[in-house]
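Chemist: These protein sequence lines are chains A and B, in that order. Mapping of the first sequence onto the numbering used here: residues 1 to 170, in sequence order. Mapping of the second sequence onto the numbering used here: residues 171 to 1083, in sequence order.
The hints are simulated quantities; they were obtained by calculation from the structure and are not laboratory data. Among the clues, some could well be false.
Here are the simulated BS3-like pairs of lysine-lysine, each with C-alpha atoms no more than 25 Å apart in a straight line [said to hold, decoys possible]:
hint : chain 1 : residue 1 : chain 2 : residue 2
1    : B       : Lys381    : A       : Lys151
2    : A       : Lys151    : B       : Lys860
3    : A       : Lys124    : A       : Lys134
4    : B       : Lys873    : B       : Lys860
5    : A       : Lys151    : A       : Lys134
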Amino acid sequence: MLDTLRTLFLTALHAFHRRATVQYPEQPPYLPPRYRGRIILSRDPDGAERCVACNLCAVACPVDCISLQKTEADGRWYPEYFRINFSRCIFCGLCEEACPTYAIQLTPDFEMGEYARSNLVYEKEDLLISGTGKYPDYSFYHVAGIPVPGKARGASERERPPVDLHSLLP
Amino acid sequence: MTMTSIRIDGRDCPTRSGINLLQACLEAGASLPYFCWHPELGSVGACRQCAIRQFSGPDDTKGRIVMACMTPVSENTIISIDDPEARDFRASIIEWMMVNHPHDCPVCEEGGECHLQDMTVMTGHNARRYRFTKRTHRNQDLGPFVKHEMNRCIACYRCVRFYRDYAGGDDLTVFASHDNVYFGRAEDGTLQNAFSGNLVEICPTGVFTDKPFSAVYSRKWDMRGAPSVCVHCAVGCNTIANAREETLRRVLNRYNTDVNRYLLCDRGRFGHGFVNAPTRIRTPLRTIDGQQVPVPMADALTAFARMAARGRVVGIASPRAALETCFSLHALVGPQHFCTGQTRQEHECVELAHALLDRHPGALPTMHEMESADAVLVLGEDVCATAPRLGLSLRQSVRQASFHTADDARVPRWMDAAVRTLGAECPSGLYVLTPAPTDLDGVAAETLRAAPDDIARLGFAIAHEIDPAAPAVTDLAPDDVLLAARIAHTLVAAGKPLVVSGMQYGAPALMQAAASIVAALARATPEAGLSLGLPECNSMGLAMMGGMPLETVMEQARAGEISTLVITENDLTRHLSPADVAELVAAVADIVVIDHTATPLCQQASLVLPVAAFSECSGTLVSQEGRAQRFFQAVFPPAPIQAGWRWVQALARGLDPSLLHMAGLTGWRDLDDVLAAMAVAFPRLAPAAKAAPGADYRMNGQKLRSQTYRASGRTVIRSFVNVRDQPPPGSPDAPFSSSMEGAFGPDMPAALVSGYQASPWNSVQALNRFQHEIGGDMRGGASGIRLLSRTASDEAGPRPYAYATDIPTPHTAQADTVVVLPDTRLFGSEELSMHSPSIMARATAPALGLPAGMATSRHMVLHLDDGAHVLPVEPVPGLPAGIVLCPAHMVARAFRFPRVARLERIPDEGERS
């Protein structure tokens, strides 16, 4: 008898507690900037694709849900295709950590629900955004040694112009 | 070489005397970084990376820093790799090397299998302290095979040491000094050496990378590996086929102690492009109303059953098809109706080569043993074009004299710079007797340019000089008599003489002469070796199986005895003249071609069936030295493409069982069943079953994995087709799991090594971990098995050998006709590699080689069987009078040689006006 009354009392007490239910989607939740949600591919400050198809995200992925193929144009490496199977992704962020060019980034967006599982397979055109994402200034090709259109050989950061082999100077 | 013991960091390790400390440390399992040392190139001490501390005795606590690669092992050497000062030394060396190294790893083809990456991690260098500017270099275009990125160079000098000193190239060298040193050509241009592709594996970092592979690039860890065997010549070099997403990406060298060891030729490395070429056949094609249309497999098989019901079926095998494919065809049609797919001339030459190798009393050296031959006679075969890797081995044999000089001077043989300096004065023991110049001429003691018949005569004269019982040659020119005496003297004086010949010029007399010389030598020197070059990757296997030549098939067809021809992987237009092919097609009701590449013959076929190429199935090939070797499946092609023997089996299942020669044919389940049946039918080929472990082989209770343990994209790579995970493809013919699950380790059988990786060694240098002794046997035993063996008969004493007596008559130049000999090209004469884009780019336009005196105009007309050919003319120095060289298979597709033809001069433009 006493137990029943106590239970009723405790239940009634909850009516006065602060509400934990969030009225999603009318009321969007706060997501911190470093929240690990939907994966995107960013571009460098010049607007070119940042991804150089090095395959490090794919190999870092613990569920093996990233696959890509390298191709090349004017010395720059690109992914010919870049595919993420979000029905397998666990949003661990290891791909972002592995990326040497800040191309792959996780964003504060988790609204990816689909009725058909096959719609969760994102191709490169679904992943590529037009901005730089979290790292506005970084451009891999300005640091790397290989020349690309707009950056001659030896014109990267901390590089000397190419050696003149015909010079007789030591 | 005696066993001894050294103490590494307090641990006693058994080792061999005569090697250097670096090698000893690596063999003892220690991880000691190095760059400039390479097992095939020796030590020069250029990079200073392998520093260790050596103590002079148990009481010495101070010791001194030495370079491990330059210090010989001696009894009770005490060294320390972990010594703090030695570690600091190595860390500073790598830090200096990385000072100019660009920030390129993500966009470098070497990334993930880079020796420099491994060594950097091994020494613990992880942050750059250097804050100043980096040196940069301009790159060169080095042709279709190799990509150049000089910024990445660490100046270890391995590339020029390999290219110039080892492979004999002269167009890659080192320029400038100190920080600026530059490894490249004097100007942009294609690397000319036939072994330039090895720079990709020799270079410890990404300066030289594989250009065709870069176009379809994939990281090492993402590719499935399969042990394979090169199909582009008869040498049988071992390779690793790497594939991803069911396309073949590249071919790498696979170490085989006895065969190719560390190096491959460019045709073998880059010739695999035919597998992905647009000329591939991917569906069955049936001719309906004169049009070839793709049909389902079942339709094709019923069509064949109808054809076979009409009359006799004759099978034509191929020297480029696997042993299993040839044997299944044999089982289908029976020995009376089985053709080897070669003309009588080729057939008889190959049979002769087989018979001579089998019966001659001398030794059958492996390619590695040929490197230590101290006198070599090349008798009428341009090995650099027909068997390039063998040519490279012969080039090494020239160094034997310098090794003996070094031994006398107590300089270890691996002390490369010193031995090469000593060797500069040493005489060469190589004699090259060929009609045309070869790449070996530069290192030869003497060369002779003569017609094949004259070379054969000289060969017989040498044999007579060594053994007077051998038939004498009459009417020999006085110069030739002296030359024969000199060569005979050198061969007799040698401890390990070798005679190399082959069927390039279609002259059986050359091979007979070579065998006679070896037989004469073997009376006193049983180590005297004979090597005969054959044209195709399975020529020897087919010779051991036997069959009828194409001419017999032609006769039967003319007599109307053949209703259906089943042709496996053979393009008859390369063997028969266009008129003969047309006659054969007209005389036979139906032709079934089972091939992987759309050859001109396919257009004549009523049925074309797509067969798996070497990368898509497992099978066995027998190399020219009689070594049966297994290649395994790297690619799992979509349904209608299957192994040749499975196609033949599928055809057989549609027939009345009474028509089959071997009823068991339809019951074979896997490759092991085929091999077991073959062992019964051909006892001589029975050991081929042991070329590699069977499909039931398990290591630690598991299959072996063919993917790496960290292959990526398993759950996504095919999700654009179907998001559900697919099971890995089954591989009934091989002990491989086709996934990343399974056993893998340095101790696995050498025939099943699908790639080299042993943490922390991720580059191809991880091979050190898979070897029992560096440069010696693999830990997993031998790969492949010799079918021609000497052990059984040797105990019975030297076998009687009857010298050949049919000595040819001397060659005399005719006034109105010329003898046309094949100019076999490294790139261009071989059938399959010419479908590979990079090889096509390297093949030069055909030209007619003429003796210097005859080249009087820029173009000439050569009248061959199939018509007149207008060809540009190229003078060939030394070519004997009355002989012209015509590129084999490039001018006339079916080119039988030697051939007497008429040559007509076209006046030059200026003369005409």
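Chemist: Determine which of the earlier numbered hints do not hold for this structure and return their numbers in increasing order.
Modeler: 2
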